[in-house]
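K.L.:
Chains as they are written, first to last, in the numbering used here: chain B, 1 to 143; chain Y, 144 to 286.
Keep in mind the hints are simulated off the structure, nothing from the lab.
One should not assume that every hint holds.
Facing chain B, a subset of chain Y residues (Cβ under 7 Å, in silico) [to be verified]:
#, residue
1, 220
2, 228
3, 232
4, 234
5, 235
6, 250
7, 266
8, 268
9, 275
Selected chain B positions facing chain Y (in silico; Cβ < 8 Å) [claimed, not checked]:
#, residue
10, 12
11, 13
12, 15
13, 48
14, 52
15, 56
16, 122
17, 124
18, 125
19, 129
Simulated crosslink set (DSS-like; lysine-lysine; CA at most 25 Å straight-line) [to be verified]:
#, chain 1, residue 1, chain 2, residue 2
20, Y, 146, B, 78
21, B, 70, Y, 208
22, Y, 208, Y, 221
Just so it is clear, CB atoms sit at the ideal spot from N, CA and C, and this is done for glycine as well.
2 protein chains.
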Amino acid sequence: MSKTEERLRGSGLKFTKQRQAILEILENAEQPLSAEQIYRDLAETKEVPASLSTVYRALDQMAGKNIVTKISLTGDGKALFELDCSLHRHYLYCLECGRILTIRSCPLGNYEETLTAETGFEIVGHKLNVYGYCPECRKKAQK
Amino acid sequence: MSKTEERLRGSGLKFTKQRQAILEILENAEQPLSAEQIYRDLAETKEVPASLSTVYRALDQMAGKNIVTKISLTGDGKALFELDCSLHRHYLYCLECGRILTIRSCPLGNYEETLTAETGFEIVGHKLNVYGYCPECRKKAQK
DNA sequence: TTTACTGCAAACGGTTTGCAAAAGG
DNA sequence: CCTTTTGCAAACCGTTTGCAGTAAA
Chain B
1 MSKTEERLRG
11 SGLKFTKQRQ
21 AILEILENAE
31 QPLSAEQIYR
41 DLAETKEVPA
51 SLSTVYRALD
61 QMAGKNIVTK
71 ISLTGDGKAL
81 FELDCSLHRH
91 YLYCLECGRI
101 LTIRSCPLGN
111 YEETLTAETG
121 FEIVGHKLNV
131 YGYCPECRKK
141 AQK
Chain Y
144 MSKTEERLRG
154 SGLKFTKQRQ
164 AILEILENAE
174 QPLSAEQIYR
184 DLAETKEVPA
194 SLSTVYRALD
204 QMAGKNIVTK
214 ISLTGDGKAL
224 FELDCSLHRH
234 YLYCLECGRI
244 LTIRSCPLGN
254 YEETLTAETG
264 FEIVGHKLNV
274 YGYCPECRKK
284 AQK
């Protein structure tokens with residue numbers, strides 16, 4: 001049983017070519033992808049045509065089972081998806097080319113506890129995204 | 144000349160009742176508001192009816208002049224607006240009641256410089272939002 | 001009187017949904 | 001078989017836009 005198959009069956013989801021292909025695409029992606037990008041990849045490189053709504057439904061369900069994670073990063077109202085490896089992470093987003101770097105470290109330390117002490121909130125998590133220009137775009141800009 | 148009037152005229156924008164009222168609403172708000180909320184407030188409490196598109200256009204223009212700031216916090220594809228006081232800030236969002244607390248301190252210290260050293264990115268800014276449950280909702284949940 | 005602003009209604013783009021047909025177990 | 005999943009088209013929802021009319025300077 002392949003890893004993608006395990007993930008799906010283990011969550012009680014049916015194992016279909018579409019879902020398999022979606023997971024493979026996410027596995028090979030080096031950054032979070034939009035539903036649209038996955039949809040195009042399915043048709044173009046995987047040759048497993050699936051309707052856009054299927055892609056959305058599959059992603060939603062897999063997000064519900066923590067197989068994938070949905071993030072909103074770009075602020076343009078477009079969601080991105082990546083494989084969930086259940087690690088705490090942040091993103092460094094290039095404002096020029098849209099490239100996304102995943103940051104595995106977290107600079108927040110015990111800030112959440114500090115905030116709880118100050119505000120009385122019970123903190124369950126945070127999102128930190130950093131914006132800037134990647135080395136390649138910086139080089140291009142200099143010329 | 145009122146403060147709102149100054150802000151508008153100083154940016155080369157015309158001073159209209161709609162914009163005046165929008166700014167007053169934002170001044171009295173204790174948290175960021177959506178275009179929809181502002182729209183309703185205009186009709187209901189200010190009695191200055193303005194179409195939703197006028198609200199959006201006014202906010203967009205004022206955002207362009209740094210009179211207001213547009214933030215996306217909730218992840219549901221709904222933008223929020225607040226008066227821009229050009230201060231660096233973060234938000235603490237209650238997942239239960241939607242209440243938003245503005246945090247004026249920033250725990251990031253010189254993290255941006257660290258990141259630049261590690262990645263080669265030129266960092267221009269970051270967004271940090273913290274999610275949890277406010278004291279009131281925690282109390283209710285206990286019962 | 002010139003230019004910016006407004007209202008309306010229609011368009012837009014990403015996402016969701018209802019329904020009947022197809023496929024998984 | 002029974003249940004889930006799929007495709008299609010239409011609905012949705014926040015936001016944007018074209019245009020003709022109105023108000024600010």
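K.L.:
Does the nearest C-beta of chain B fall within a distance shorter than 7 Å of the C-beta of residue 268 (chain Y)?
P.N.:
Hint holds; residue 268 (chain Y) Cβ to chain B Cβ min 5 Å, cut 7 Å.
K.L.:
Hint residue 56 (chain B) vs chain Y: min CB-CB distance below 8 Å?
P.N.:
Interface hint status for residue 56 (chain B): violated (14 Å vs cutoff 8 Å).
K.L.:
Just to be careful: measuring from the Cβ of residue 122 (chain B) to every Cβ in chain Y, is the smallest value less than 8 Å?
P.N.:
holds (5 Å)
K.L.:
Could you check if residue 12 (chain B) really has its C-beta closer than 8 Å to a C-beta on chain Y?
P.N.:
Violated, because the Cβ-Cβ distance from residue 12 (chain B) to chain Y comes to roughly 26 Å (cut-off 8 Å).
K.L.:
When the nearest CB of chain B is found for residue 234 (chain Y), is that gap smaller than 7 Å?
P.N.:
Check failed: Cβ of residue 234 (chain Y) comes no nearer than 10 Å to chain B, outside 7 Å.
K.L.:
Does residue 129 (chain B) pass the interface check with chain Y, least Cβ-Cβ distance below 8 Å?
P.N.:
holds (5 Å)
K.L.:
Is the hint on residue 235 (chain Y) kept, meaning its closest Cβ partner in chain B is under 7 Å away?
P.N.:
holds (6 Å)
K.L.:
Quickly compare the C-alpha distance for residue 208 (chain Y) and residue 221 (chain Y) to 25 Å and report which way the hint goes.
P.N.:
Holds, at roughly 21 Å.
K.L.:
Taking the closest Cβ pair, is residue 228 (chain Y) under 7 Å from chain B?
P.N.:
Given a least distance of 20 Å, the restraint on residue 228 (chain Y) is violated.
K.L.:
Tell me if residue 275 (chain Y) is really an interface residue toward chain B, meaning its C-beta lies closer than 7 Å to one of theirs.
P.N.:
holds (4 Å)
K.L.:
Given residue 232 (chain Y) as an interface hint, is its Cβ closer than 7 Å to any Cβ of chain B?
P.N.:
violated (14 Å)
K.L.:
Does residue 15 (chain B) hold up as a contact with chain Y if the rule is Cβ-Cβ below 8 Å?
P.N.:
With a closest approach of 30 Å, the residue 15 (chain B) hint is violated.
Going down the numbered hints, you'll see the structure goes against 2, 3, 4, 10, 11, 12, 13, 14, 15, 20, 21, while the others check out.
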